[in-house]
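Novice: Residue numbers (this note's numbering), protein chains in the order written: chain A, 1 to 452; chain B, 1 to 291; chain C, 1 to 279.
Derived from the structure by calculation, the hints contain no laboratory data.
Check before you lean on any hint, since a few could be wrong.
Cβ-to-Cβ under 8 Å is the rule here; a few derived chain B residues that face chain C [what the hints assert, rightly or not]:
no.: 1; residue: F12
no.: 2; residue: L19
no.: 3; residue: L78
no.: 4; residue: F79
no.: 5; residue: A112
no.: 6; residue: V118
no.: 7; residue: M119
no.: 8; residue: P130
no.: 9; residue: V138
no.: 10; residue: I269
no.: 11; residue: M270
As a list, the in silico DMTMM-like pairs of lysine to aspartate or glutamate whose alpha-carbon atoms are at most 25 Å apart [as the list claims (entries may be wrong)]:
no.: 12; chain 1: C; residue 1: K4; chain 2: B; residue 2: E190
no.: 13; chain 1: B; residue 1: K152; chain 2: A; residue 2: E70
no.: 14; chain 1: C; residue 1: K70; chain 2: A; residue 2: E70
no.: 15; chain 1: A; residue 1: K123; chain 2: B; residue 2: E187
no.: 16; chain 1: C; residue 1: K4; chain 2: B; residue 2: E187
no.: 17; chain 1: A; residue 1: K197; chain 2: A; residue 2: E183
no.: 18; chain 1: C; residue 1: K56; chain 2: A; residue 2: E288
Partial pick of chain C residues on the chain A-facing surface, computed with a CB cut under 7 Å [said to hold, decoys possible]:
no.: 19; residue: I30
no.: 20; residue: T68
no.: 21; residue: I126
no.: 22; residue: F129
no.: 23; residue: K133
no.: 24; residue: Y217
no.: 25; residue: I218
no.: 26; residue: S221
no.: 27; residue: S234
Note that the coordinates shown come from a computational prediction; the quantities given were computed from them, not determined experimentally.
Glycine included, every Cβ here is placed at the ideal spot set by N, Cα and C.
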Amino acid sequence: MSKRVLKLLCLTIIMIFSLAVILSGCGSDNDTSSSDTGTKAASDDQSARKVTLRYAYNWTTGDSKGQYYEPALKSYMEKNKDTVEISLEGTPGMEHKDKIKVDLAGNNLPDVFMYWTGEADLKPLVDGDTILDMDEFFSASKNTKKEQWNEGAFSSSKVGGKLFTLPVESFKGFFLCNKALFEKYKLQYPKTYAELKTVSKVFIENGIVPINMASKGGNPGHLFLNAVGYQLKDGWKDSQTIAQTKKYNTESNLNAAKIIDEMRKEKMFPSDTIANGDWGPAVALYNEQKAAMVYCFPWKIGDIKKEIADVSEVVPFPKMEGAELSTDDFAIGGVSMGVLINKKSFADASKKQAIIDFVDYLVSDAMFTELGKASMMPAKNVKLDASQLNALFVKAVDFTSTQKFTYDPTWALFPGSDTTQSYADALDELFAGAITPEQYVEKVQTAVDSAK
Amino acid sequence: MTKASKSFSILFVAPAFILYTVLVIIPVIFTIYYSMTDWNGISKPDFSGVENYLRLFTSSDYWRVVGNTVKLVILTLLFQVPLGLIFAYLLFKLSWGFKLFRTIYFMPVIIAPIAIGVMFSLFYNGDLGPLNNFLGAVGLEGLQRNWLSDSKIVLYSVIFPQVWQYIGLFVVIMLASLQSIPQELFESAEIDGANSFRVFRSVVIPLMREVILICIILAVTGSLKSFDHAWAISKGGPGSSSSYIAILMYKEAFKNSNFGYASAVTMTIMLYALTFTIISKKVGSKNEVQY
Amino acid sequence: MHSKTAFIKKQTGVIFKYIAVIMFAVTALIPFLWVLISSLKENSEIYGSPFSLPHKLMLENYTTAWTTAKVGNYLLNSIVVSFSSVLAVVLIGSMAAYIISRVRPSFKLYTYFTLGIMIPVHTILIPTFIMIKNFGLKDTRPGLILIYIVGNLSLTIFILSGFFKTVPREIEEAAYIDGSSPARTFFSIIFPISKPGIATVCTLTFLNCWNEYLFSYIIISSADLKTITQGIFSLQGTYNTNYGPLCAGLIISIVPAVILYILFQEQVIKGMTAGAVKG
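Chain A on its own, in the form it takes in the complex (with noise of 0.2 Å):
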């Protein structure tokens, strides 16, 4: 090649990239909603007030929360067209937290979005100055106020004292056994550890698995592994100060890992613990009658057969050996997911009354009475009328109506999300028999240690 076509090719490449590091370094200071092309933003120039917002979130086809929300928000979107649009950004699954992630590494964070709750979650997000303070949201807010939740709904919301998110979803786990199989085998309801090895036995010699329970991407694993541990001796306290104390290898961890190994030997749970875990399979079995119990969450109750649920009964979950703490007035849960607000996009003074007026109508007793009949439990203080809810849901709230207190996972009190990772793989092959619990606390505490 001649010397002029090389130059002139090096010419090129120079001019090219320093068009791009040009564009990629003005990019960086901007918020997108104004800058967004192709996407049906409509007059949003000139003395036309209408704004547009953008708004992400996971409840669409996939969830069963889906069909509810998405013609609530179409609705709001529909009364509101002349005022607002708003840009829906729906995204199933996990794949909703990755794209949060993206986006917040491209600059390109929606002006309201749903995410997790927890520590892990929020912190890097606060540490980034990118999340509303949802004190300034209350003070401008004429509708929403602090005192319509619970004082401990926001606990997994808070960072460093401050409120950042507005509690949704709420869950508390529940214990189902399946009255049929009980009657069938003549056996009792198990109350204590004792009790729920004898009825296993009992299931396993005629084929059926005792618990559903799995765990893959640690879950739903990571919520039974709780349930039990928290009862023990500072089962509750080691994790709910673990984000201070930095220490997962206490005794209380270490014994609740022993105690899963053992169900695991005794066979309580199915041979496949990868297959079966998740939630998608997480009521599979026993939607099939080839398991007797489940540990189970809100989020599966419009799952699970109604020949099935009709027979099903929440009952007290089994009391471990040692016990400290009783399992009459603990249930683990706690706030999934809540509404966060661009702190960017609300500083912006021709969408701050938008971004209000929008979510206080995501955080409407009307929105939850909607979300209510996907069997959402509200986190916000609302009635639902019974009559229009599904007849298992209704009998999990009222029995952990009965419950005093509601207990986070530790899953949400880790000091940083690579902690969460890690500990996630750490529960599927504990569950797998792929390790000791020695090594699982182990493998826990290391993770722990190289939070930042």
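Dock chains B and C against the given chain A, drawing on the hints supplied.
Specialist: Just chains B and C now, with coordinates in the frame of chain A:
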């Protein structure tokens, strides 16, 4: 006579060149930069030099996934390409139905890896899945396993669909190549009394050297980049027992928010792929066969 | 000449060949058949009796997939995006490949372009996303198309370069002598001859675009721009999976690809390696 002028050449290459440079090369340069920083994706990246690389070279998780990836590459080379070649040859010698079979073999290639992943994760379900049910039904209960929870075999459970899916691709490629070998060569070999196998060994393989090499390069670089299948079936678990390098990178970036570290992992993938391509080109170009 | 033994030997050889070929064909087909059958079953049947034929044809699964998951809409988007990407990448890829393999052969440029084959796409996700966003193309079809173009450019240039090298020089020379400009030569002569090579690249690129998942959900957020892979994924639910509609969705997404393949397979086969064989 209007021979191609320089400006013509530049014009023709320009669109591809510009797009490629802006959307591929420059992002790679950024990745190199990120790989030397500590970045959680939210605040500004924090320069940290070779720290990420040191960390990954001393991380047992990293070497485990490299090992997994190497196993994938080896199994791909042992099965995918050779089986592709063998079945291509078999089809070539078939007197009837060869178009039909060719179509059937290519079908798996068409499906999205995500879809294959979903299919197989259903198949493999230890308690409810068809595979164990089938084994039980034919009396092979001893072979029943927890295909996805048993960390000793999960890697192979995940490798299998991936290797299987693309055999058809190589069958089709090599079949085309076979079809362009002049008939006379086959005929003269047969006249000389060579049987199918001999013909295969002494005529077919030498002539297809270049194609086979291309297939090998495609197969290996594809394996080094591998992500979709393992992610869809087991999310790389339990732990990292069925993860490949690309999965480790994804988890570090999106689950642990260690974008800097993840970028370093990425660079190692590119390094391995580059090394392999260079070596195989050198080895492959040694004896070329002309006819 | 031992004609009788030779004959028997030959026949058994043939039989074995057919057995092997058929067995592999069966393994290639089983997953499809399973997905097809499952798409007509109810969820609990899929788990409960995975191998039996559906006891009642749940065609509702297809309507569920089509409407709830807006599969029809997504199908259209995938078609638009995939076709545009294929068109664009074939055009600019072949132009570039022609230059670097025939007009002004440049090993350096060839290497530069084919480096891309080694780059796993998820690894450049963030910087590429930032680029696309800065050009104002996020959440747009052109944005996604651009990404698909560059994602397939390396492979396209790799394959077409090899192919163009085998076009006989005489044809080109003849065109020049006739006074045809280089551009004319390319479009009217070289391009048509290379149909098989082009067909190969079209197929591979199309499949890559059709089945691509990661970039589509990162770049595209608006519901009406989503592609079919996002549709399938959404059927897979966070907390529950409706396997019936999911399988129906899978079938719906596979069918167009299969049809296209069957239509074009002859060309594809011819083109795949004509270049590579002759070196």
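Novice: Take the hints in turn and mark each one as holding or not.
Specialist: Right, here's what the structure says about each hint:
no.: 1; hint: F12; result: holds (4 Å)
no.: 2; hint: L19; result: holds (5 Å)
no.: 3; hint: L78; result: violated (16 Å)
no.: 4; hint: F79; result: violated (12 Å)
no.: 5; hint: A112; result: holds (4 Å)
no.: 6; hint: V118; result: holds (7 Å)
no.: 7; hint: M119; result: holds (5 Å)
no.: 8; hint: P130; result: holds (4 Å)
no.: 9; hint: V138; result: violated (12 Å)
no.: 10; hint: I269; result: holds (6 Å)
no.: 11; hint: M270; result: holds (6 Å)
no.: 12; hint: C:K4 x B:E190; result: holds (18 Å)
no.: 13; hint: B:K152 x A:E70; result: violated (43 Å)
no.: 14; hint: C:K70 x A:E70; result: holds (14 Å)
no.: 15; hint: A:K123 x B:E187; result: violated (74 Å)
no.: 16; hint: C:K4 x B:E187; result: holds (22 Å)
no.: 17; hint: A:K197 x A:E183; result: holds (17 Å)
no.: 18; hint: C:K56 x A:E288; result: holds (19 Å)
no.: 19; hint: I30; result: violated (19 Å)
no.: 20; hint: T68; result: holds (6 Å)
no.: 21; hint: I126; result: holds (5 Å)
no.: 22; hint: F129; result: holds (5 Å)
no.: 23; hint: K133; result: holds (5 Å)
no.: 24; hint: Y217; result: holds (6 Å)
no.: 25; hint: I218; result: holds (5 Å)
no.: 26; hint: S221; result: holds (3 Å)
no.: 27; hint: S234; result: holds (4 Å)
Violation of the numbered hints given earlier is confined to hints 3, 4, 9, 13, 15, 19; the remaining hints are satisfied by the structure.
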